[in-house]
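Peer 1: Each chain, written out:
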Amino acid sequence: MLSLWRNMTTQERRDAKTGYLALSPWMVGFVIFYAFPILATFYFSLTQWTLVDPPVWIGLDNYVRMFTRDPLFVSSLKATTLFVALSLPLKLVLGLMLALLLNLKIPGMNIFRTVFFIPAVISGVAVSLMWIWFLNPDTGVVNTLLHYVGVQGPYWFWDLNWALPSVAIMSIWKVGGAAIIYLAGLQNIPAHLYEAAEIDGAGKWRRFWRITLPLLTPTLFFQLIIELIDAFKIFTEAFVITKGGPLKATYFFLYYFYEEAFRNFNMGYASALALFLLVVIMGCTVFVYRTSGRWVYYEN
Amino acid sequence: MRIDDQALSIQQQLRRSGARRRRQRLVGHALVYAVMIFLALLFMLPIFWMASTSLKLPREIFAWPPEWIPSSPQWGNYAEAFGKYPLGRYMLNSAILVAANIIGGLISVPIIAYGFARFEFPFKHVLFLLMLSTMMVPGHIKLIPMFWLYQKLGLIDTYWPLILPAYFGNPFFIFLMTQFMRTIPRELDDAARIDGAGAWGILFRIIIPLCRPALTVVVVFTFVWVWNDFLEPIIFLRDWDSYPISVGLAFFQGRYSVEWHLFMGATLVSIIPILVVYFFAQKHLIGGLASIGIKG
Chain A
1 MLSLWRNMTT QERRDAKTGY LALSPWMVGF VIFYAFPILA TFYFSLTQWT
51 LVDPPVWIGL DNYVRMFTRD PLFVSSLKAT TLFVALSLPL KLVLGLMLAL
101 LLNLKIPGMN IFRTVFFIPA VISGVAVSLM WIWFLNPDTG VVNTLLHYVG
151 VQGPYWFWDL NWALPSVAIM SIWKVGGAAI IYLAGLQNIP AHLYEAAEID
201 GAGKWRRFWR ITLPLLTPTL FFQLIIELID AFKIFTEAFV ITKGGPLKAT
251 YFFLYYFYEE AFRNFNMGYA SALALFLLVV IMGCTVFVYR TSGRWVYYEN
Chain B
1001 MRIDDQALSI QQQLRRSGAR RRRQRLVGHA LVYAVMIFLA LLFMLPIFWM
1051 ASTSLKLPRE IFAWPPEWIP SSPQWGNYAE AFGKYPLGRY MLNSAILVAA
1101 NIIGGLISVP IIAYGFARFE FPFKHVLFLL MLSTMMVPGH IKLIPMFWLY
1151 QKLGLIDTYW PLILPAYFGN PFFIFLMTQF MRTIPRELDD AARIDGAGAW
1201 GILFRIIIPL CRPALTVVVV FTFVWVWNDF LEPIIFLRDW DSYPISVGLA
1251 FFQGRYSVEW HLFMGATLVS IIPILVVYFF AQKHLIGGLA SIGIKG
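Chains A and B are the protein sequences, given in the same order. So in this note's numbering, the last spot in the first sequence is 300, and the numbers never skip. So in this note's numbering, the last spot in the second sequence is 1296, and the numbers never skip.
Hints were generated in silico from the structure; no laboratory data involved. It cannot be assumed that every hint is accurate.
As the list claims (entries may be wrong) - Calculated pairs, DMTMM-like style, for lysine to aspartate or glutamate (alpha carbon to alpha carbon, straight line, at most 20 Å):
#, chain 1, residue 1, chain 2, residue 2
1, A, Lys78, A, Glu259
2, B, Lys1152, A, Asp53
3, A, Lys243, B, Glu1232
4, A, Lys17, B, Asp1190
5, B, Lys1124, A, Glu12
6, A, Lys233, B, Glu1232
7, B, Lys1124, A, Asp15
8, A, Lys17, B, Asp1189
Pulled out of the complex, with its shape left as it was, chain A reads as follows (with noise of 0.2 Å):
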């Protein structure tokens, strides 16, 4: 290190000495919150802590509670994956098709772009309390419309079977926020491309499968990631609306990692969940990266 600083130039050492100063607040806030979070993470979580004792050194007894015998990790785990598992192909799915509509060139579309976006930009405290009262079973929205036709609705967020489909349906409703990123994607592909092909006689739906798709797989490659990370983390909705109930059908694993942590102190086994948590975000994101080979078109 100290030779390749010696066979620089000056020009070359005074640009180094500017890039580093320049860089300087990121790097001291790279140690502070990101280095040391997650070493000490990963040292409280071989502990039995409770904030006000130091921490007491168990090894991986944390590990060994939580994989054998700890029924809230199982049903806080059950309950975040089917939530991933429900609300994730419903938003990419979705998301695309509100896309293509989004995509005609029409007079006015700029409209509905900001409409599509709104329940994308506000918060999800706001969104749980205008959805606890949109899905009320008496006289919410949704419920009378379902009354006009004759259908006696669910109890949504107070029915165990509807309780975590009704937070995935409040998800679907930001769906416009994954909608522009895909615009983005749709805008650019090539317009001479679907004009080759429409002289080649393909229609409308071979252009969609040959074309829009194959040249949007890097958008969607990246909307995976990102919806996948987020669909993990979800928090407020159950804070705000369920509580985690009823009977636990929406304790989803971050919330049970809060209230782990910051109502009962158990510093140590709470950063065990983080870890946990951690580990599966990552081992996903890396699992979608390492096949993404295969499904993602990248030109060149």
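We have chain A already, so just place chain B on it with the hints.
Peer 2: Chain B alone, transformed into the frame defined by chain A:
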């Protein structure tokens, strides 16, 4: 003569098919509009219902069948909501947090991005990759260690935990700003250097003024994220009076008997700043986001 006839008939055919195509397109447009309007109404229904409820009389809230548009809109509900809930206070708290975070981003992000965009030095690419990889780290992993650290420093129940990180550069913004700065021609730097400007002079006089689209993204995204943030404030703040609007709103539920007409009014008021920022900013965001390949 025959050729002329033929030409005429072809012309007629063309005209006819043109008219047919136009008619088809018109029908197609009408169909698309119908679908879009239906979907838009469907999407706006929860917001409409919130607005409608916020203008009702208490006895109308649970009336059956529900009234879609209240017959006598109670605008006074909003004054009552502001009187009953500390809405103004909470929104002010959020505004303070937003402002402090925006200032932090505007100071730190251009400086850090300048280092990545304009200088060559050993390990630059490794550091850049490291920076990018931190974008993937979910925030929850920080909560326990940072809580411990802030407690040691006596910063729990102050705004510092919610403000400090912004001053060390958000990786997404650094990435965006770096990409944006790379699109600014280096000739401009060279010209300024010949005029005697130093490295920092070039940044502040030449580059930053040209980065306005990317800086707009920093401002708008920070506004939306900080205004909507929920998990960190509930962990790092204890005092009811210091809550931002997101947390305050969530706790109205347990704290007050549920008066849905006031409650929906408060929720609506809480999202108005976001909507205003979004409407004004959406045009300017496109240029800023285009540099990383995302445009709207």
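Peer 1: Has the given pair, Lys1124/B with Glu12/A, been kept, meaning a C-alpha gap of at most 20 Å?
Peer 2: 13 Å, holds
Peer 1: Within 20 Å, alpha carbon to alpha carbon, are Lys243/A and Glu1232/B?
Peer 2: 18 Å, holds
Peer 1: Can you confirm whether the C-alpha distance between Lys78/A and Glu259/A stays at or below 20 Å?
Peer 2: Since the Cα atoms of Lys78/A and Glu259/A sit roughly 17 Å apart, the hinted pair holds (cutoff 20 Å).
Peer 1: For Lys1152/B and Asp53/A, compute the direct alpha-carbon distance and say whether it is at most 20 Å.
Peer 2: 13 Å, holds
Peer 1: Please verify whether Lys17/A and Asp1190/B have alpha carbons no more than 20 Å apart.
Peer 2: Distance ~19 Å between Lys17/A and Asp1190/B Cα, so the pair holds.
Peer 1: Could you grab the alpha-carbon distance between Lys1124/B and Asp15/A and see if it respects the 20 Å cut-off?
Peer 2: Within the cut-off at roughly 12 Å; holds.
Peer 1: Quickly compare the C-alpha distance for Lys17/A and Asp1189/B to 20 Å and report which way the hint goes.
Peer 2: Holds, because 18 Å separates the two Cα atoms, which is no more than 20 Å.
Peer 1: Hinted pair, alpha-carbon criterion (20 Å max): Lys233/A, Glu1232/B. Please report holds or violated.
Peer 2: This hinted pair holds, its Cα atoms lying about 13 Å apart.
In this structure, none of the earlier numbered hints is contradicted; all agree with it.
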